[in-house]
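Asker: Chains as they are written, first to last, in the working numbering: chain H, 1 to 264; chain L, 1 to 636; chain W, 1 to 346; chain V, 1 to 130.
Treat the hints with care, since some could be wrong.
DMTMM-like, lysine to aspartate or glutamate: derived pairs with alpha carbons at most 25 Å apart [claimed, not checked]:
#1 H:K165 to H:E133
#2 H:K165 to H:E70
#3 L:K562 to L:E516
#4 V:K90 to W:D12
#5 L:K520 to H:D20
#6 H:K4 to L:E516
#7 L:K520 to L:E530
#8 W:K127 to H:D143
#9 L:K148 to W:D264
#10 L:K588 to W:D12
#11 H:K136 to W:D264
Every beta carbon over 12 Å from chain L, so not counted as near; a handful from chain W, in silico [unchecked claim]:
#12 A47
#13 R86
#14 F112
#15 Y124
#16 A131
#17 A135
#18 L182
#19 P220
#20 S277
In case anyone wonders, no lab produced these hints; they're calculated from the structure.
Glycine included, C-beta positions come from ideal geometry on N, C-alpha and C.
What follows is the residue order along each chain.
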Amino acid sequence: MINKLLGIVPNASEHGYLVDHFLEFCHWFMAVLFVGWSLFFLYTIFRFHRSRNPKANYHGVHSKASAHLEFSVVLIEAVLLLGFGLPLWGKRVTSDSFPDAGEALRVHAIAEQFAWNFHYPGPDGVFGRQSTEYIKVSPIGLDPNDPAGKDDIVSKNELHLVTHKATVVEITSKDVIHGFQLQHMRISQDAIPGSRIPVWFRPTVAGEYELICSQLCGAGHYAMKALTVVGSQTEFDTWMKEAMTLQHPELVQPAAAPAAPAAQ
Amino acid sequence: MAAITSPHAHEGDAHLHAHDDDHHELGFWQKYIFSTDHKVIGIQYGLTGLAFLFFGFCLMLVMRWQLANPGQAVPMIGGALQSIFGTAAFAASETGAPGMLTADGYNAFGAMHGTIMVFFGIVPIAFAAFGNFVVPLQIGAPDMTFPKINMASYWCFFISCIFMLISFFVPGGAAKSGWTSYPPLAGIADSAFLTFWNGQTLWLTGMVFNITASLLGSVNFIATIIQLRAPGMTWMRLPFFVWAQFVTAFLLLLAFPPLEAAGIFQLMDRVAGTSFFMPTGLVVNGNVAPWAGGGSPLLWQHLFWFLAHPEVYVLILPGIGMVAEVIANNTRKPIYGYKAMVGAIFVLAFLSFVVWAHHMYMTGMGAAVAAFFQTTTIMISIPSVILLTALMITLWGGSIRFTVPMLFAAAFLPMFGIGGLTGIPLAFNATDLYLHDTYYVIAHFHYVVAPGTIFAIFAGIYYWYPKATGRQLNELLGQIHFFASLIFINVLFMPMFLQGMAGMHRRWYDGGAQYEQLSKAVVLGHTGLEWNTVISTAAYLLCLAQVPFIFNFFWSMKFGKKIGRNPWDSTTVEWDAPSPPGHGNFDKPISVHRGPYEYSVPGADADFTPQTDPPANSKAPDQDANTNSQSVEKQH
Amino acid sequence: MQIPYEVTSRPDTGLWNAKLGIWLFLASEVMLFGGLFSGYLFLRLGAEDGYWPHGLLNVPIGTFNTAVLIASSVTIVLTWANLKMRNWVMAQRYLLTTILCGLLFLFIKLVFEYPEKFAHFGAYIKKESTAKYEAYLGNEHARSNGLSPRYEISGHLEAVEVTVAGDRAPLATFAEKNKLKLVEHPAGGEGHGANLIKVEGLDHKAGVSPAKMEKMARIPGVTIEKFELALDPGNADPSNPANDRPHFWHQHATDKIATIDAKDVSWASSFAPKHSSYFAIYFTITGLHGLHVLGGVIVMAYFYLYGGKLYRKNPEHQANRIEVVGLFWHFVDLVWIFVFPIFYLL
Amino acid sequence: MSDSHAPEPAHSAVGTDATAAAHDHSHDAEHVAKHIKTYLIVGVVLIVLTAVTVGLSYVDFGSHAMNWVVGMAVATFKVCLVGAIFMHLKGERPTIWRFLLFTGIFVVGMFLLTLLHWYDPIFGTQQAVR
Ligand code: HEA
Ligand code: HEA
Ligand code: CUA
Ligand SMILES: [Cu+2]
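In isolation and in its complexed conformation, chain H is listed as follows (with noise of 0.2 Å):
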């Protein structure tokens, strides 16, 4: 309720909602107590007012009210951290919370300045291998020469994935630190040059979403975001296919040769 009135984005992945639970719940806390806390305020200045309490009392408050505060304040932050800070940050990073290898949808993210490059394993399934030698060739460095790699597709600011299906993204940077953030999927993973760092998440809502870069990466950081398609299993393929006769032509079936000339 706090949330939506701050004008959360719409949640559209699987586990969003327990983040916003989170948040909803962090957002409640917050304002009892500000909210105590400000009438207290406002009625201790108003009340004790020199016009009104002419005379300070020495002695001050003696009651344990203020003790009692302070420790139901630890206790609700205890439940926040214990009941869910730690559990929800443990179910997104650990090995079994990962999805199964099979079940999942594995793209490589790879951000530049100022672009995303996406790397999908194509038909085989296989990543080829990548290296900083090809550069010139392959925007991510692909090699041409690795049979892994020869379906590969690369596709640039454009993100497709499945409605309902587990995906895994690998992060990672070409140059310096970019932030790869879905504000939709609760997402969020800085892009760090040296390291791939994977993340998952199960989109639920199907519609086109904006990833935005979340790190400072340098004069065209405010304007580095990626389309974000998310779609039902047959779009995806539909769009697969698109992209396979235009980065490999000579892969596509036959029948659909005489459709790809017309397609570049």
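With the hints as your guide, set chains L, W and V with the ligands onto chain H.
Answerer: Chains L, W and V with the ligands only, in chain H's frame:
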């Protein structure tokens, strides 16, 4: 000066030290510029800091124009800005008007706003200026322990200021990788320009000087507080402000050096071509980058945040200290839970060294490490709650007089409350992944530093100005300044929470015009984008609200109401010195007989009993000083 | 005005000001070097197997320098003791010895250690090309003996072979200016036709200094194709078990020449800071340590030259000053005690 | 010890630094003279330990990590000697010990936490291409 007997007369060595410089007037240079007097140095720090605070604000005003009106030239002063900062920062807009902030210019201004506000504005004022001016007076010392090092500290700081300022005018402009200077971005930034003569390298060099200045200062502060307390000034009789400064000095002393190390690493990366922060296989602009590789960009982040988290408490603790002084004085009663508060700041300081990675939640942190940092981060909010609660309960039963310092100090409480509370959703990994690097974070920390620390600083300025100048600031102008600032600063920062929730990210040159989702989300009748205009307008008005203050500040130096030693009927020792205090501070020996906040002592004649009043004249208990000091020696 | 407790101790804390001050300063120095050492650990543990070199520094010289610093630590504490006993002449002698030890330390570093590194050359072989250079890397041997793989070939850069696109004149001028010899490649060079030029030093001993090589590579049109190195013993005879562990005595480059294709190299340079994380952190830490030594020497020299006046007035004050600079000096020694094993030995 | 009272009478009587020093001095000098031998012995021990460190680094302790541990153990011992004897930490005032203790904790914390982060990444994180 001959008449002024040091409180430590038994220590003075007539043969060695009774130098003639006490008898004849020092020259202008030694008195005002290269002075070793802590009060002069404090004022130097203060004026430099205020100037930078204002400068940092002006940078932000230009940026706010761009955020609200992307792509439009800054009106009126656009041409001037262009000729001052060059066309790299200010290009012509589409309509041809000169002075449109460029993306690089925006990033440079943003990075410098952060750097200047934190390291050249707040720390010099809240820590160095007030610490220098007030602490020795409050503990009854004649000066700092190392006056020459104190002077060196200021001049080191001054050099760092020069570096930062000239960096605006070198090819490519000032540093533009955020105040956090994350490599590899910072490592490759400006590398097309001369090795030394570029924004990022000058930033690093400036920071190394700034850090050195802070280290010299903090050694001095700690030594002064330990060694130069007047007779009878036991640990538990220290005003809370002194405690806050003591702890702050330790934070600076121990947290800054790792950043210095990191700064040296980054300088090596830029100047000697090393790859401390450069991983293997970097590709920049389609070319393999000229580094051997093998480094790690995360190393910088660890070393940076190892400083920068304690640094945020450096920003707030002196503020809380000043607020405590002002509140005690204006409620006319002792601070509630003094000992708990002292304990709380020690816990806060200790914990602040082990929470830094909460700024790095999105760097790929596993469950165990994340659990550790989430837990410590939540734990650190508890001492803050204790501090704020104690200050609020102090109000209860008081006889509150709303002088201008008190207005600012009172407003500090809820403002810091908002800032602190919104730190909580950031403290959890799972919620931070939604909020990270959005304007929610921007609003969070501005609430603690702007209406938080800046208000505390204003409270401090209005409170101690009479001691420094012998004159009081004008009340009416002060009230105008307060109410206008309070209103506009809230209109300025409150909508940022909404923007953040709606997905508006920080460091966006066009204020999010690129993003559909931001213009889709309507909050309280405005889209995320439209709030930009509201915020920017509030920022200009906030600037306007400072005019009465700036006028008051200079006008009152000459024409303010003259006051005596103790205009606020205060208990602490600094009010026993003349206003302004002379060289050597006190004109009579100081000895302390009671705690810092003996206001409205039952049975006393006045509603305040100064710490220096001998016990015979009052029925105030000369508390069990011996046991007191012993227990502190042990616990601290 | 007089600051209290400059010379005598404050009764309740038992400290005089400068002593407290220097210890606070040292605490911050601990954090500074702590930051540097944590950088070292981070880089070292993060380094891939085979990318952290061993035995590249000169151990006997390092050991000697360690002993020099330890000796100076003894002499500075004796300076202080003699001042306490009011024995000015002896104190001055010890102080002078300390200063000389400090200078000797710096001299050795700057004359025998650093320059040697800038003259040496090493090339990291790309992982996929290591098999080609097995004769120099000996990874078979390493694997069967459970040792880390080797990717670097190092030695004395004798010559480089370059190709020039277009005008050769700039290269010729460069060679003349830098005392280099251009030799047309005898065999014409496979795949490069007659275009391959060999650049040599005027004599065998000089070779091509790595710095000159880098400058040459920046001449427009010039591409480095091959490096010819006189190999270090470890690369000359990599499967000899005697070369499995670093040697105590410094080993000179052998006469065995290896030719390495530039396209197989991922990174090549002199042993300058930019060469690898190892040299980066080595030069940074030892450089900063050296600056501390220099700072200590300057302060001690000041006390040596101008301390007499203060001593006559208040000997205790002078003893305190020496104690303070002594504490700093011991700290510098203490840092070196860690630096020495982690860079030279382990 | 208490600092709550104005200067203790005994001290005030001493008067000046110079005389105070003189007073301390005779007592101090004897004290110091006794230590000179210790300093020399420690110096020799340190040099011997340096040789030992060098020697040990050529001994195979089974793994490189073990050599590390041994080397660091000797170095730490040397550092303790320097600290305790040369820097008079043995018997130093508690004030100094206290903040050195915290400094130590923070340094160790910085080492450990930084490394922990390095060794506890999100499941499946790899180093990218070399
Ligand atoms: C003075 C500065 C200051 C202070 C005190 C704090 C205090 C806190 N901060 Fe904040 N923080 C910053 C300055 C500060 N911060 C800055 C500058 C950044 C961004 C840096 C950057 O990325 O550029 C940041 C960022 C930041 C992040 C990273 C967010 C991100 O990048 O994604 C996190 C995450 O945990 C965080 C948490 C906290 C917490 C838990 C506290 C806690 O200590 C707060 C505890 C306080 C309370 C819980 C309030 C208690 C009091 C009351 C409730 C009384 C109420 C009174 C009335 C109503 C009258 N902060
Ligand atoms: C202490 C720190 C501090 C302070 C006080 C402020 C104060 C303000 N800040 Fe900022 N800010 C930062 C630290 C601070 N900031 C940091 C660290 C960042 C991140 C940078 C980055 O991304 O790297 C940031 C970023 C930041 C942004 C985000 C930019 C972006 O991400 O694109 C914005 C946007 O509105 C902003 C606005 C403001 C405003 C309007 C104020 C106002 O509150 C200013 C109010 C100022 C005054 C009221 C000045 C009063 C002074 C005087 C009156 C002087 C008088 C002089 C004499 C008497 C001589 N700040
Ligand atoms: Cu990429 Cu910001
Ligand atoms: Cu923080």
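Asker: Compare the structure with each hint and give your call.
Answerer: Now the hints, each set against the structure:
1. H:K165 to H:E133: violated, 34 Å
2. H:K165 to H:E70: violated, 45 Å
3. L:K562 to L:E516: Given that 25 Å is the threshold and the Cα spacing comes to 59 Å, the pair is violated.
4. V:K90 to W:D12: holds, 19 Å
5. L:K520 to H:D20: Satisfied, since the Cα-Cα distance of roughly 19 Å is no more than 25 Å.
6. H:K4 to L:E516: Roughly 18 Å separates the two Cα atoms, so the pair holds.
7. L:K520 to L:E530: holds, 11 Å
8. W:K127 to H:D143: Holds, at roughly 15 Å.
9. L:K148 to W:D264: Violated. K148 of chain L to D264 of chain W sits at ~59 Å, over the 25 Å cutoff.
10. L:K588 to W:D12: holds, 23 Å
11. H:K136 to W:D264: holds, 17 Å
12. A47: At roughly 6 Å from the nearest Cβ of chain L, A47 of chain W sits no farther out than 12 Å, so the non-interface label is violated.
13. R86: At about 17 Å from chain L, R86 of chain W clears the 12 Å cut-off, so the statement holds.
14. F112: holds, 21 Å
15. Y124: Since the minimum Cβ distance to chain L is about 8 Å, Y124 of chain W lies within 12 Å and the statement is violated.
16. A131: holds, 20 Å
17. A135: Check passes; 24 Å lies beyond 12 Å.
18. L182: Fine: 26 Å to the nearest Cβ keeps L182 of chain W off the interface.
19. P220: Correct as stated: the minimum Cβ-Cβ distance to chain L is 16 Å, above 12 Å.
20. S277: violated, 4 Å
When each numbered hint is compared with the structure, violations occur for hints 1, 2, 3, 9, 12, 15 and 20.
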